[in-house]
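Now for the letters of each chain:
2 protein chains.
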Amino acid sequence: MLKVPQHQVAGHEAGIGKLGPLVDESGRFYKPLQGDERGANEVAFYSSLSTNSGIPEHIQRFFPTFYGTQLVEASDGSGSLPHLVLEDLALGHVNPSIMDIKIGSRTWAPEASEKYIQKCLKKDRESSSLSLGFRISGLQIYRSKELGFWKPGKKAAQKLSTEEVKLVLRRFVSSNTLNDLDLRPDCAFASTVYGGSTGILSQLLELKAWFEDQTIFHLYSCSILVIFEKELALKGKNPGAHIKLIDFAHVYEGRGVIDHNFLGGLCSLIKFISDILTAPSDCRIDISAKADQKNLTADNGVVADQKNLTTSKNGVVADQKNLTASDNVVADHKNLTV
Amino acid sequence: MLKVPQHQVAGHEAGIGKLGPLVDESGRFYKPLQGDERGANEVAFYSSLSTNSGIPEHIQRFFPTFYGTQLVEASDGSGSLPHLVLEDLALGHVNPSIMDIKIGSRTWAPEASEKYIQKCLKKDRESSSLSLGFRISGLQIYRSKELGFWKPGKKAAQKLSTEEVKLVLRRFVSSNTLNDLDLRPDCAFASTVYGGSTGILSQLLELKAWFEDQTIFHLYSCSILVIFEKELALKGKNPGAHIKLIDFAHVYEGRGVIDHNFLGGLCSLIKFISDILTAPSDCRIDISAKADQKNLTADNGVVADQKNLTTSKNGVVADQKNLTASDNVVADHKNLTV
Chain A
1 MLKVPQHQVA
11 GHEAGIGKLG
21 PLVDESGRFY
31 KPLQGDERGA
41 NEVAFYSSLS
51 TNSGIPEHIQ
61 RFFPTFYGTQ
71 LVEASDGSGS
81 LPHLVLEDLA
91 LGHVNPSIMD
101 IKIGSRTWAP
111 EASEKYIQKC
121 LKKDRESSSL
131 SLGFRISGLQ
141 IYRSKELGFW
151 KPGKKAAQKL
161 STEEVKLVLR
171 RFVSSNTLND
181 LDLRPDCAFA
191 STVYGGSTGI
201 LSQLLELKAW
211 FEDQTIFHLY
221 SCSILVIFEK
231 ELALKGKNPG
241 AHIKLIDFAH
251 VYEGRGVIDH
261 NFLGGLCSLI
271 KFISDILTAP
281 SDCRIDISAK
291 ADQKNLTADN
301 GVVADQKNLT
311 TSKNGVVADQ
321 KNLTASDNVV
331 ADHKNLTV
Chain B
1 MLKVPQHQVA
11 GHEAGIGKLG
21 PLVDESGRFY
31 KPLQGDERGA
41 NEVAFYSSLS
51 TNSGIPEHIQ
61 RFFPTFYGTQ
71 LVEASDGSGS
81 LPHLVLEDLA
91 LGHVNPSIMD
101 IKIGSRTWAP
111 EASEKYIQKC
121 LKKDRESSSL
131 SLGFRISGLQ
141 IYRSKELGFW
151 KPGKKAAQKL
161 STEEVKLVLR
171 RFVSSNTLND
181 LDLRPDCAFA
191 STVYGGSTGI
201 LSQLLELKAW
211 FEDQTIFHLY
221 SCSILVIFEK
231 ELALKGKNPG
241 AHIKLIDFAH
251 VYEGRGVIDH
261 NFLGGLCSLI
271 KFISDILTAP
281 SDCRIDISAK
291 ADQKNLTADN
301 GVVADQKNLT
311 TSKNGVVADQ
321 KNLTASDNVV
331 ADHKNLTV
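Going down the list, the sequences are from chains A and B.
According to my numbering, the residues represented by the first sequence are 1 to 338, in order.
According to my numbering, the residues represented by the second sequence are 1 to 338, in order.
Calculated directly from the structure, the hints in this document are not laboratory data.
A portion of the hints provided could be inaccurate.
[Said to hold, decoys possible] Here are the simulated DSS-like cross-link-like pairs (lysine-lysine), alpha carbons at most 25 angstroms apart as the crow flies: (1) K271(A) with K235(A); (2) K271(B) with K122(A); (3) K115(A) with K159(B); (4) K159(A) with K115(B); (5) K123(A) with K123(B); (6) K159(B) with K271(B); (7) K119(B) with K123(A); (8) K119(A) with K123(B); (9) K208(B) with K123(A); (10) K166(A) with K271(A); (11) K208(B) with K119(A); (12) K208(B) with K166(A); (13) K123(A) with K122(B); (14) K208(B) with K122(A); (15) K115(A) with K123(B); (16) K159(A) with K115(A); (17) K208(A) with K208(B); (18) K119(B) with K119(A); (19) K122(A) with K122(B); (20) K271(A) with K115(B).
Extracted from the complex, chain A is given alone in its bound form:
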């Protein structure tokens, strides 16, 4: 039986009358094909991936496994629709901390339509994309069995200031996340999640080296998903920190040029992560920085998602969304309750 993914942090969410991705119990993720050229683009991209000799094996692993397309009953009740069938990246995770980071200061290709360019440009300018070279499209940070996840609103996440992004990237790998407004994250897991020879930074650097050379694809509006299991880190075990590239509806041919837009944004993210590893205890947040936390406070709808916490099958409190008839939207959160 298909159900709504438990750990989706960005993108369209399935709901009553809402088209969104679904998952099954065997570990497959069903993403509705967008009807226009975006759907066709994404299918073409995934289809070419595994056979593309220009993508070395150590880079292939950063892409979700692709199982073709399949007609599936759509989540919005509109009947059978073609879906991309992908690896469910949350499979095997109990309480994954996840960030969806859209890379690039520009989310549009030069070849795109004027209307689309203007729409994207507006969003790039309003969000942190233009200034930082990336924007956090959504995230969830596991706090505890009792509190579940800290999950800021997506609109707020996309507009984080530089200081706020620094704070969120620190909070993502901290143990003291019980208080939402904690401005002194301890970065307790920075070295095990971001650091080390197989950590996030190391993976980002592998990706960077490839992007410095590859002229096959330009990936616009593509995200890097960062995932790890905090409870494992708490127990001193390997938290399985890894990255995946997702969202390829706006992939274009490179035509002999590197993807300087993606690469620039990736380097910016790498610098933020490196700085945390260089000075994990450097949590100086001054008054002006505090004043700058406007997107991360409770009165901005940031913790709204936590109203929906329910007890999931395995007894762990999580942000399980139950697909039912009532559909009250609070801020930009889908407040699905039984």
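Could you slot chain B onto chain A? The hints should help.
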């Protein structure tokens, strides 16, 4: 006595009624201060450069030496105007081959005025900036004593296609540049100009390493000047290949973020240069590439500048522009003759 620079390849050129830079015989370059905030910005930037502890010595050398500002008789006859006094980068050169490469797919800062953003965005989209991450603002390639320089029109240079940029970057370091339409440049000087431990690529990589880390400045609409002396290379001597950063009227504070826009464009340029060093003999230009040379053919005004060739003092034919009363503009070239 101040005179018009002999080897300017981009930017406003001094002429009758035209405000542009001047040089003196002691090796100083006088750049008229733009009256608005651009002039003030550039002065502030140069003033802060030498005392900025965030710029290591090996990076300082990529900036022209700054000698302050000075009131100088403007080239357009409008009287005394404040000028930036800089090192004349052409000093000591006899027949320098020069490229002015404006770095970044975006030449505007998020903080700029809406009017300025729209103007720049249009130019970035029309030129190669958006697709390549840089545009060649102008160049001159020394050919021989008899033929002087090959100097494509600036407008054409800015719109070069990917294939044309590849060709120009190869032609820049080739000995067989006598025929303008030669599509098989021999890259005879690639290893001595682009390659080696002190060559252009090595310098660009030093700059790249700094841009991966520095969050002090964001340089919009800034150029990398690439200079070398082909006659020295022809004689088997060190051609003195070096880069300089110029044009800082649109510098903004980095505010804790790397200049991902500059870095992305720089990486794109580095990839083009690396590819030439990896395969200097790889001059396959197929039919479609030939058809794509629209910006590099004689009927596009590209070689118009060569009509102006005169004999300079040292007997070497060069593109000396003589400042006189007649001022016929051919295409975008200033056709100044006696």
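To see whether the hints hold, each was checked on the structure:
1. K271(A) with K235(A): violated, 28 angstroms
2. K271(B) with K122(A): Violated - the C-alpha atoms of K122(A) and K271(B) are around 30 angstroms apart, more than 25 angstroms.
3. K115(A) with K159(B): OK: K115(A) and K159(B) at ~24 angstroms, within 25 angstroms.
4. K159(A) with K115(B): The given pair, whose Cα atoms are some 24 angstroms apart, holds under the 25 angstroms limit.
5. K123(A) with K123(B): Given pair K123(A), K123(B) holds - Cα atoms ~21 angstroms apart, limit 25 angstroms.
6. K159(B) with K271(B): Status holds; Cα separation ~19 angstroms.
7. K119(B) with K123(A): OK: K119(B) and K123(A) at ~19 angstroms, within 25 angstroms.
8. K119(A) with K123(B): holds, 19 angstroms
9. K208(B) with K123(A): violated, 29 angstroms
10. K166(A) with K271(A): holds, 11 angstroms
11. K208(B) with K119(A): violated, 32 angstroms
12. K208(B) with K166(A): holds, 23 angstroms
13. K123(A) with K122(B): holds, 18 angstroms
14. K208(B) with K122(A): The given pair, whose Cα atoms are some 29 angstroms apart, is violated under the 25 angstroms limit.
15. K115(A) with K123(B): Distance of about 18 angstroms is within 25 angstroms: holds.
16. K159(A) with K115(A): Satisfied, since the Cα-Cα distance of roughly 22 angstroms is no more than 25 angstroms.
17. K208(A) with K208(B): Distance of about 13 angstroms is within 25 angstroms: holds.
18. K119(B) with K119(A): holds, 18 angstroms
19. K122(A) with K122(B): At roughly 15 angstroms apart (the allowed maximum being 25 angstroms), K122(B) and K122(A) satisfy the hint.
20. K271(A) with K115(B): Distance ~32 angstroms between K271(A) and K115(B) Cα, so the pair is violated.
Of the numbered hints given earlier, the model fails hints 1, 2, 9, 11, 14 and 20; all others are met.
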